[in-house]
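Trainee: Chain by chain, the residues:
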Amino acid sequence: GENVEQHPSTLSVQEGDSAVIKCTYSDSASNYFPWYKQELGKRPQLIIDIRSNVGEKKDQRIAVTLNKTAKHFSLHITETQPEDSAVYFCAASTDQAGTALIFGKGTTLSVSS
Amino acid sequence: SAVISQKPSRDICQRGTSLTIQCQVDSQVTMMFWYRQQPGQSLTLIATANQGSEATYESGFVIDKFPISRPNLTFSTLTVSNMSPEDSSIYLCSVESKQDYEQYFGPGTRLTVT
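Taken in order, these protein sequences are the chains called A and B. Counted from 1, the first sequence has number 106 at position 106 by our numbering; the numbering is strictly sequential. Counted from 1, the second sequence has number 109 at position 109 by our numbering; the numbering is strictly sequential.
Misleading hints may appear alongside valid ones.
Stated by the list, open to error - Covered by chain B, per the in silico footprint, the following chain A stretches (three or more residues, Cβ under 8 Å):
#, region
1, 21-32
2, 61-74
What the hints assert, rightly or not - Have a look at the derived ranges for each label pair, beta carbon to beta carbon:
#, chain 1, residue 1, chain 2, residue 2, range
3, A, N3, B, Q51, 46 to 54 Å
4, A, E39, B, G52, 30 to 38 Å
5, B, Q38, A, R61, 29 to 37 Å
6, A, S28, B, K98, 24 to 32 Å
7, A, T78, B, S9, 33 to 41 Å
8, B, P39, A, P82, 20 to 28 Å
9, A, K58, B, Q14, 25 to 33 Å
10, B, N50, A, S110, 39 to 47 Å
Honestly, the hints are just simulated from the structure, not real lab data. We put the beta carbon where it would ideally sit given N, CA and C, even for glycine.
Bound-form chain A, shown alone (with noise of 0.2 Å):
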């Protein structure tokens, strides 16, 4: 089945720097490429998202890159800002109905102003 693993598990970056996530898949068969956004106690949000038809997608301050051929995708928030501080997790799956999400462990980012 599918492993997700993400780096680093502690990200800590000063107001305004830029913050990457990585994140590998194992299995060559997933093709859509969620990010979750977890703050603290409260419910995961989907930030962005990637398909496999596409290598970058961009939404203002946060961009989704994927290398299919390294089985690779990345998360990158520039500019970053102390509400960005949160637990970011990555996920795989085949992007058909019915597919679950298999979750990386996390990446805890904190912004200091």
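Starting from the known structure of chain A, fit chain B onto it as the hints suggest.
Mentor: What follows is chain B alone, placed relative to chain A:
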């Protein structure tokens, strides 16, 4: 996206008892999933709740311990049976968007077993 609610939001239960968690969605969805998130950990899939048929369980989770019902396209329940302290966790339901298969999570149920 759909509005998802869960009941209860939290509970403290005695060892050996059972708790049923409800997940309600404000629109019809085909697929619902149940996840467990242990303290400080990632999300682990327990099972996929199929409307009109038995749930599909992941390795390490069994129906006797985690029976699931899915009576219609807007509602599902997860029961945690014969609880032990190791079952202390957050239990989350998620639903799959019909349009693009994106998944959205309910607010979770924080369970503490003493």
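Trainee: Starting from the hint list further up, note which numbers the structure goes against and sort them upward.
Mentor: Violated hints (numbers, rising): 1, 2, 3 and 9; every other hint is consistent with the structure.
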